[in-house]
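Enquirer: Chain residues, written in single-letter form:
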Amino acid sequence: MNLPLYDFLPAPLWLINILHIVTLSLHLIAMNFLFGGLVVILLGRIDDRWQNPAVQKYIKLLPTAMAATITLGVAPLLFVQLVYPRQIYSAAIVSGWFWLLIIDAAILGYYCLYVASFKKSLSSSVAPLLWVVVGTFLYISLIYNSVFALAENPDLLRSLYTGEQSGWTFNPDIVSWIFRRLHVVAGAITMGGFFFGWVGRNDNSAYRAGKQFFLWGMAAGAVFGFVYLFTLDKYLLLFMRTPAIWALTVGIVLSAGALHFYFKKRFIPAPIMVFVSVIMMVYARHQVRLLHLADSYDPSSMPVQSQWPIFAVFLFFFLIAIGLVWYMLRLLLAERSRGE
Amino acid sequence: MNYPFWDIDIGYGWLMGSIAILHVFISHFAIGGGLYLVLAEISARKLNDTFRLEFLQRLSKFFVLASVVLGALTGVGIWFIIGLLNPAATEVLIHHFVWAWATEWTFFLVEIAAALIYYYGWKTMSARNHIVVGWIYFGAAWLSLAVINGIVTFMLTPGDWLQTGNFWDGMFNPTYWSSLFFRTGVCVMLAGIYALAVAAFFKPDKAKSSLIRYNTVWAVVGLVIMAPTYQWYFNSIPEAIRTTAAKAMPTVISRISEGWWLGLALTVLVILFGLVIPRWYHWVVGVVVMVLGFLVFGEYEWMREAIRKPYVIYGYMYGNAIEVSDVGHLQADGMLPHIAYRTGDDGADLFRRACRSCHTMDGYKPLKPKFDGTDEAFIAAMVRGVGVMRGNMPPFVGTEPESQLIAAHIYAQTDHRPLSEVFGLSGVALGRMVYEVRCGTCHQFGGYNDKAASLAGLSDDDYNNLLDMAGELANEMPDFTASDEERAALIEYLKTLPEGGAR
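Sequence lines, in order, name chains B and W.
Going by this note's numbering, the first residue of the first sequence is number 1, and it counts up by one from there.
Going by this note's numbering, the first residue of the second sequence is number 1001, and it counts up by one from there.
Fair warning: there could be bad hints in the mix.
Below, a list of computed lysine to any residue pairs in the SDA-like style, where the Cα atoms sit at most 25 Å apart [as the list claims (entries may be wrong)]:
id, chain 1, residue 1, chain 2, residue 2
1, B, K120, W, G1315
2, W, K1370, W, K1495
3, B, K57, W, G1315
4, W, K1061, B, Y139
5, W, K1061, B, K234
6, W, K1365, W, G1315
7, B, K265, B, L42
8, W, K1061, B, D104
9, B, K57, B, A30
10, W, K1365, W, G1298
11, B, K119, W, Y1120
12, W, K1061, B, P128
13, W, K1123, B, Q51
14, W, K1061, B, F118
15, B, K119, W, Y1119
16, W, K1451, W, Y1120
17, B, K60, W, K1495
18, B, K120, W, L1065
19, W, K1365, W, E1376
20, B, K120, W, L1059
21, W, K1247, W, A1474
22, W, K1368, W, N1392
A few chain W residues that don't get close to chain B, going by computed Cβ distances all over 10 Å [to be verified]:
id, residue
23, L1047
24, W1099
25, I1225
In short, the hints are calculated from the structure, not lab data.
The C-beta atom is built at its ideal place from N, Cα and C for all residues, glycine as well.
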């Protein structure tokens, strides 16, 4: 029986990769705003913490940031599943319960955020709620890191499944993901410092706290990142031969540049540099995945049956969506500023 | 069979349902609620009705909390769960419909942004701009439904796509439009009954009565759209599927009629308390109406999922992720060489691939009670003949030795005592049980594949001959391998069948 095949890519691989990398970068930025900002609020040296206008403003923004994190997280998950379904679903199944609990954790974290942001006046009583949010984020990122690392190790995946099929298996190859995870967490705190200082740029203690986390987070992220590179072991040399090494270099330089402009309170070049550096890091990560899977799977070998008319529909509505969001934000902000 | 199998005690149906049901209700409510908010706001502003405007503002807070948080995350949850429960089907859907999903994501993006701006804009935006944002919200939410509806209906009625593989054939499949209109009705109905439930808590006065009447109109309009479009939807399902359901799925058919009765009860209740005596719209009525509304919609969703059996994508992939196009070569090669993730226990691996997506041994749709007190040869024969059992089971696509491996795996978990001991029965009662266990799965008296007419009124010798040659009557028939005691009890029972088989 000649039924339609499904082993194909509905667009050239490069296009899917670009969409994945860009949308994942946007997701990471929203997530870092939220998670990193919370860490700064909870741990930073901020005068009169809960009455500080920067803290109050930031907390009001958090549910929106959460909505952005989730919404922007859907697209990269879609695109990465399109290219690596067998690796990702398999790893997710082996850690099935941990994977599924991500949804519960996200719901819990989201509602805690709303409870905190709906409070008429902030006090130290919101701290436990915010810590719960931080905890849920740490859980979610832990599972993501471990599952995606497992997806890149087919031999380990098979042996883990042979031993246990109930979905309660956690990736035991800690070295493969712990430093990347620490790098990601440090990166999120770096960005949180950046955003918090930006939002609180008119408040000395808020700006100072943001600056400290931006600086030391970046230093810690760099250390963990380098250690992670060395844990790549045999893949390190291969990695050095890919364009990703240049992307990584550009990312590091741009991060340092962002730090420079941020310290000078120049808030136009700094975020641009941060955004581009995130894209570079995500691209480098993408190359690492390709290297890990090179022996078992080459996505470029997948036949391409482009669905251009439908892609055009997507592109059309994507542009409309950006336009509409911009238009609605303009309506909201214009009237709000008139009101003020 | 490219994936590991998530072997959990909870039935896949329950797990899927627990996330999907919640999401489906919230997402439909979110669409209808969007339309309700914007139209109610226009009307309230025209009338300068501050009571209603405050009510809408409160409603929109809940709306954000329900749709933006729970709706969005359970939507992501559906993605997570389908990838765990049936990754192969998810892979098919993603490869064919990724741009549809991506397009839906753009609507989702607008929907979430608009919901938040609408909520935060109550006090800061002008009435006109606020209403514009409300319309944008509703438009994006409904378009999101229009896209997802294509993928959901595709799974039951892929239509010409099975021949062409063309995206548009799959998207605008035979049940697309009827389902879209029906779901639009559901959205309106859910918005109405939710707004009714909230208003039910207000103290009884003129303003409440007016609000209750207004909300009732929404619920009734939704129900009025739902009734004909439901029938339209059902009629758009290819006749072959409906015929199989009518013949072999009595539960599906009874759910359909239950749905109609529940819908009628809901309409009567809503009209009575909402239009005739709105002052009496107590919160208990609000809750009952809401539960009824969910049940009506739930019956539809349940029917849609159940009638698709034995497929997950009709005519393309079975519920156990076996592709229809693979049946031939799997029957020749066997399943084992094609199972990518093996555990070393072949029986268990085969059982997972062939049966476990829909059955557990002890919990959800359990197999143990069906095979307690039987034997390996009988179980193996049942496994091999599973495809003709009720017309809603996938065929067994492995080899004979593989069916024996599955049988051994199942048998090891069953009660090995004779049926008389397992159930404490003897005589005709034991015979009836023997019939139910060994024959009744495929031949229901008064139901599917009824053989009562040809079984009634035979002599002992005829019954014995029939049982001796049972395995030769048809390819899928098992040999009669029960004990002499069970054989005698079965014959005793068959002799009680009335002449002609009428019961």
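Enquirer: Assess, step by step, whether the Cα of K1365(W) is no farther than 25 Å from the Cα of G1298(W), and give holds or violated.
Expert: 20 Å, holds
Enquirer: Within 25 Å, alpha carbon to alpha carbon, are K57(B) and A30(B)?
Expert: 16 Å, holds
Enquirer: For K1370(W) and K1495(W), compute the direct alpha-carbon distance and say whether it is at most 25 Å.
Expert: Since the Cα atoms of K1370(W) and K1495(W) sit roughly 24 Å apart, the hinted pair holds (cutoff 25 Å).
Enquirer: According to the definition I'm using, a residue is off the interface if its beta carbon is farther than 10 Å from all beta carbons of the partner; does I1225(W) meet that for chain B?
Expert: 26 Å, holds
Enquirer: Hint check: K120(B) vs L1059(W), CA-CA at most 25 Å. Holds or violated?
Expert: 19 Å, holds
Enquirer: K57(B) and G1315(W) were given as a pair; does the straight-line alpha-carbon distance stay at or below 25 Å?
Expert: 55 Å, violated
Enquirer: Measure nothing beyond the straight line between the CA atoms of K119(B) and Y1119(W); if it is 25 Å or shorter, mark the hint as holding.
Expert: The given pair, whose Cα atoms are some 16 Å apart, holds under the 25 Å limit.
Enquirer: Please verify whether K1123(W) and Q51(B) have alpha carbons no more than 25 Å apart.
Expert: Given pair K1123(W), Q51(B) holds - Cα atoms ~23 Å apart, limit 25 Å.
Enquirer: Does the structure keep K1061(W) and D104(B) at a Cα separation of 25 Å or less?
Expert: Holds. K1061(W) to D104(B) sits at ~21 Å (cutoff 25 Å).
Enquirer: Verify the proposed pairing of K1368(W) with N1392(W), using a straight-line Cα cut of 25 Å.
Expert: 20 Å, holds
Enquirer: Looking at L1047(W) again, its CB stays over 10 Å from all of chain B?
Expert: Nearest chain B Cβ is 23 Å from L1047(W), so the label holds.
Enquirer: Checking one constraint from the list: CA of K1365(W) to CA of G1315(W), max 25 Å. Satisfied?
Expert: 23 Å, holds
In summary, the structure is inconsistent with hints 1, 3, 4, 5, 16, 17 and 24 from the numbered list given earlier, while agreeing with the others.
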